[in-house]
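Please build the complete structure, drawing on both the sequences and the hints.
2 protein chains.
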Amino acid sequence: MTLGDKVAPPGGTLGILGGGQLGRMLAIAAARLGLKAHIYAPPGDNPAFEVAASHTTASYTDADALSAFAQTCDVVTLEFENLPLTALEICSGHAPVRPGARALAVTQDRVEEKRFLREAGVDTVDFWAISELLALPEALSDLGGRGILKTRRFGYDGKGQARINDPSEIDAAWSDLNGAPAILEAFAPFTRELSVIVARGLGGEIVCFDPAENRHDQGILRVSRVPGDISQAGAAQAVAIARRIVEALDYIGVMGVEFFELEGGALLVNELAPRVHNSGHWTIEACVVDQFEQHVRAVCGWPLGEPARHSAAEMSNLLGDEVNAWRDLASDPRAAVHLYGKAEARPGRKMGHVTRLLRG
Amino acid sequence: MTLGDKVAPPGGTLGILGGGQLGRMLAIAAARLGLKAHIYAPPGDNPAFEVAASHTTASYTDADALSAFAQTCDVVTLEFENLPLTALEICSGHAPVRPGARALAVTQDRVEEKRFLREAGVDTVDFWAISELLALPEALSDLGGRGILKTRRFGYDGKGQARINDPSEIDAAWSDLNGAPAILEAFAPFTRELSVIVARGLGGEIVCFDPAENRHDQGILRVSRVPGDISQAGAAQAVAIARRIVEALDYIGVMGVEFFELEGGALLVNELAPRVHNSGHWTIEACVVDQFEQHVRAVCGWPLGEPARHSAAEMSNLLGDEVNAWRDLASDPRAAVHLYGKAEARPGRKMGHVTRLLRG
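As you go down the protein sequences, you meet chains D and Z in turn.
Residue 121 in the numbering used here sits at position 121 of the first sequence, and the numbers go up by one each step.
To convert, count from 1 in the second sequence and add 1000; that's the numbering used here.
If you're looking for bench data, these hints aren't it; they were derived computationally from the structure.
A virtual CB, placed ideally from N, CA and C, is assigned to each residue, including glycine.
Possibly wrong hints are sitting among the right ones.
[Stated by the list, open to error] Which stretches of chain D does chain Z cover? Using the computed rule of at least three CB atoms under 8 Å from a CB of chain Z, they are:
id	region
1	3-12
2	33-47
3	50-57
4	297-304
5	326-337
[Claimed, not checked] No more than 35 Å apart at the CA atoms, straight line, and that leaves these computed lysine-lysine pairs for DSBU-like:
id	chain 1	residue 1	chain 2	residue 2
6	D	K350	D	K159
7	D	K350	Z	K1006
8	Z	K1159	Z	K1350
9	Z	K1350	D	K6
[Claimed, not checked] Chain Z stretches covered by chain D per the calculated footprint, using a threshold of three residues with CB under 8 Å from any CB of chain D:
id	region
10	1019-1032
11	1049-1056
12	1282-1289
13	1294-1303
14	1328-1334
Spelled out as structure tokens, the structure:
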């Protein structure tokens, strides 16, 4: 058996790079399957440590610590994508890393991601790679005079983005990005935002949870609803695209695929997340195997779970001091309350979420 | 605020006496609510340690370790009832212990438990307290010539029990118990075994999950089904009895109440478990708030969750080497697989369980 085929059986150890709420929920899912979680994260507020059999506190550039960590693991995975690829390379000398470096390389860079999608035959908004201020006027003009300027790398939750509605706003938008390599994306005149949580197993099998309809505010997800206001044809199309993406990447694990739905129903892929995804938290209550367990099953070489849902559901994020309403939320008879154990409720910070099961 | 009113808010610490699978599932439920779990258990195989923010390995008679443990906790609870009452007394000098010493004192002793139940107006089988061999013939004759001889204390999963079908079996049954104080219980001619998982909150509010129908084998639970073959009247009666019991004990937390259903539908209470209970594991998949979270909510002074179920369910225990079939079990599209992370699959040992959601 090569590293590529390696399975983590019950009693085995799943290494997780990253110590936030996604790592926390992955560690809990691993425990349910009798696996031990070993969390690796830099110093800071790492709520995943509290539910893990072991943890390592070290930088993602500490080669010795990464090696020592990976040597304790049957399989290594990750809870967020903004990791140095060298960290994955070091780990992969000792244990399979799933998803692998290629999926991260593609999804860490908005330009590479869109180029990959188009090569795979998947539609996206039009875009220009922007490496200097001088290139912006022509790009903006080509995209119809409006666009969103984003850093190519390390953006999340709406950070590192600036709208440009008029050429006069170019300078301010560019200086907001502090000279980082950028992408100018055309505005998508979308009527709706959707996402699909797709899983691909070690043997290449693929299953998708039902698409969710998402509402964002200032770049941060507020609410996901399933089934939402999504047509059957739209759902089938979104699922088909998600399958094509994970196949093209030879991907192992769960991926979140975000879509814009345009007037008339056409779908553009907005963004890929090579990990469990905020818009899939509803699966914890509405499915027998949720996205976290599905990811653990996929990367550990277990059979994938059935993704059918038994209920409709609505998930709302608790941002910043919204978490202070925990007692009222816990009093809502329909609400499943999830709190992440983070120490400080900074504005906009994801502190927890609430899922309500609905009829349908 | 006195200790009696104390609430454990998000970020607080719930101490759990006991490190087995029930402590493990309690710790996971606490984490979901943003609470830290501190597990206290003697040396040995303690799978709950793997999902807890902290743990203490020490004997239940180590007063210094118990004090140090309880000082780190906002609230202390327990995952099994066979603890020295002195351990609870020591902890209760530093943090509220829920459920408290009275519930344990009553449920640790089969004779005290039955006396309490009868005083509360709850029916049980007829019984005799037996402290010496000489008392057995008269007791057996009084109970109709047959009975089950059990140790008064420290029995679980059918251990410490011997059937007596004829006076000639008295000597062997008595010697099986090694002179421990005993109870002789009449055979209950039951048609069915039921259980109710009841929760009582800090403010006295009570909620019950739907009764489960249980099947045991050699004293060990094999299968729980909800709704099972239970009449509406039977379910209502079981729930009413469970409510009466937790009220009479001024109980805080989740309790498992086991019943015998007789021909004609009358219910006898067989046994009380002052903790989360194996026959309530189905609530993890079939309810928005499961028995583990319900217990955490109750003992931490949170509002209780809604106990309604969205699906019918069947839970089967995985005993001993049945756990080796994990890959086949994980391939069943209806099955939620739970493995407890125990090191050694001894015969009859509870290694995990599987819940299947059913229509209805």
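The hints, checked one at a time:
no. : hint                : verdict
1   : 3-12                : holds (count 3)
2   : 33-47               : holds (count 5)
3   : 50-57               : holds (count 4)
4   : 297-304             : holds (count 3)
5   : 326-337             : holds (count 9)
6   : K350(D) x K159(D)   : 14 Å, holds
7   : K350(D) x K1006(Z)  : 28 Å, holds
8   : K1159(Z) x K1350(Z) : 14 Å, holds
9   : K1350(Z) x K6(D)    : 28 Å, holds
10  : 1019-1032           : holds (count 5)
11  : 1049-1056           : holds (count 5)
12  : 1282-1289           : holds (count 3)
13  : 1294-1303           : holds (count 3)
14  : 1328-1334           : holds (count 4)
Violation of the numbered hints given earlier is absent; every hint is satisfied by the structure.
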